[in-house]
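Note that the protein sequences, when read in sequence, are chains A and B. Note that the first sequence covers residues 210 to 608 in this note's numbering. Note that the second sequence covers residues 2 to 57 in this note's numbering.
Treat the hints as calculated values from the structure; they're not laboratory data. For each residue, glycine too, the CB sits at the ideal point set by N, CA and C. It is possible that some hints are incorrect.
Only part of the chain A face toward chain B is listed, based on derived beta-carbon distances under 10 Å [to be verified]:
#1 Pro273
#2 Arg377
#3 Ser441
#4 Ala449
#5 Lys451
#6 Leu564
#7 Ser565
#8 Leu569
Taking lysine to aspartate or glutamate pairs in the EDC-like style, the calculated list, with each CA pair at most 20 Å apart, reads [stated by the list, open to error]:
#9 B:Lys8 / A:Asp454
#10 A:Lys350 / B:Glu28
#11 A:Lys388 / B:Glu21
#12 A:Lys333 / A:Asp343
#13 B:Lys39 / A:Glu470
#14 A:Lys281 / A:Asp313
#15 A:Lys451 / B:Glu5
#16 A:Lys529 / A:Asp218
#17 B:Lys8 / A:Glu445
#18 B:Lys3 / A:Glu445
#19 A:Lys429 / A:Asp283
#20 A:Lys444 / B:Glu5
#21 A:Lys331 / B:Glu28
#22 B:Lys39 / A:Asp386
#23 A:Lys583 / A:Glu267
#24 A:Lys444 / B:Asp55
#25 B:Lys8 / A:Glu470
#26 A:Lys333 / B:Glu28
#27 A:Lys444 / A:Glu470
#28 A:Lys388 / A:Asp483
#29 A:Lys281 / A:Glu264
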Amino acid sequence: MIEMRRKCDVLVVGAGPGGSTVARYASQAGADVLLIEKRQEVGSPVRCGEGISAEWIEKYDIHPDPSWTRNKVDGARVFSPNGTMFTVNAENAGDEVGYVIERDAFDRMLAERAVRAGAELKLKTAALGIVKKDGKVVGVKAECMGERFDIEAPIVVGADGYESQVGRWAGIDTTMDPKDVQSCLQYRMVGLELTGNFVDFYLGSKVVPGGYIWSFPKGKDEANVGIGLQVSMVKEPGDAKKYLDKFIAAHPNIAKGQTVEMVAGAVSVCAPIDRTVADGVMLVGDAARQIDPLTGGGIANSVKAGKVAGEVAAQAIEAKDYSAGFFQRYEKGWRAIFENKLYRDYMAKEKLLTLSDETLDKLVGALAEGQLTKVSTLSVLQAIKRKYPELVKEFESML
Amino acid sequence: MKVEATKCMHCGACVGTCPENAIFLYEVALTFNDDCTKCGTCVKTCPVGAISMDDD
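With the hints as constraints, model all of the structure from the sequences given.
This is the structure:
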């Protein structure tokens with residue numbers, strides 16, 4: 210094994226979609242980038258529902274490839290508590306809707322892109338703490354294969370996911386209220402009977418209080434069936450699993466299947482946090498709580514923020530300025546792209562949580578009468594605005 | 002706090018949600034440090050119910 214480098218321009222912690230994108234764009238712009246990943250394999254184990262929308266990817270020079278696009282879906286369906294279904298059928302409109310992906314292959318593809326752009330990737334290398342000098346972050350304490358050492362870097366990017374430590378070490382407040390956290394569990398099931406090639410969302414207080422159950426098809430008889438449950442609604446430990454098992458038992462077409470993989474995790478569904486930078490530090494993706502609070506989707510925002518962070522990191526190296534002031538370019542940059550959407554979807558989520566099962570039935574029923582062909586939270590919220598303007602009046606200006 | 006190793010899926014849900022940053026996940030080992038206030042947030046967050054209050 211080659212002796213590991215102990216010095217670089219930009220140290221990226223975590224080789225998920227956010228971290229690999231930072232590494233790719235910073236390397237392309239000429240920075241000397243080291244990307245460290247605590248796991249022995251990028252992308253594994255998967256912790257994701259694996260659904261992504263299609264409209265943003267080409268812009269980030271990502272081209273759908275069968276190695277990671279497992280299934281192209283026809284649209285989305287929402288099921289209300291009484292079983293009323295509302296379908297967004299984008300296939301009819303000829304639009305690209307989205308994919309259910311192989312997340313591990315997707316993450317590896319992005320890491321390979323970073324490496325080909327010139328970044329150095331080190332596996333089984335964990336960040337254990339931050340190194341400060343005169344109050345400024347100047348690197349991280351790392352461990353690789355039993356050996357502990359410091360890595361010097363004027364810029365540390367925390368792309369270390371939901372359980373992010375880099376932000377906390379740097380004094381950035383990333384803590385959340387339990388009502389803004391979803392406890393999640395998912396089964397990859399094989400042998401089930403799917404009723405269409407749609408990403409399905411099931412709502413209702415009996416299905417899951419303060420959350421939703423999803424079924425994302427990965428093939429003809431295969432789907433990711435999962436649950437997100439608001440932590441503040443948990444009464445007994447392990448409620449997420451209980452609600453999910455109960456839901457599957459009540460759906461014979463799903464219950465036919467066998468679980469071949471279990472995935473657990475948590476997702477932040479909070480309003481955008483105040484600060485994602487500090488002197489020498491930028492946070493990206495789940496670590497920066499950039500997940501969409503309505504859908505729980507995080508991949509697109511991580512890549513979008515990752516590109517900005519990568520470009521700003523390279524500019525900072527050029528300018529030899531690693532201050533929080535310089536990193537405002539990143540702070541403002543990612544907020545210009547999707548902060549409004551995060552706020553809007555946070556408001557929508559908060560509103561959704563107040564609706565009774567009866568109101569949800571009425572709402573989904575009304576939406577089912579319309580003809581929606583664009584799969585986006587905006588188009589759904591706009592349709593709600595047309596039918597029930599009072600439901601979205603707190604954030605109607607954003608629609 | 003008590004962790005049932007046979008239930009824990011090493012997902013890190015509790016780590017990211019802990020308000021005191023008192024939980025550490027190293028490979029498959031989940032440990033708590035002295036900053037833990039026994040607030041119980043991790044007990045609720047764990048999707049599979051692997052964590053319980055240790056009342057010994």
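Out of the numbered hints, which ones does the structure contradict? As far as the earlier hints go, 1, 6, 7, 8, 12, 13 and 27 are violated by this structure, in ascending order.
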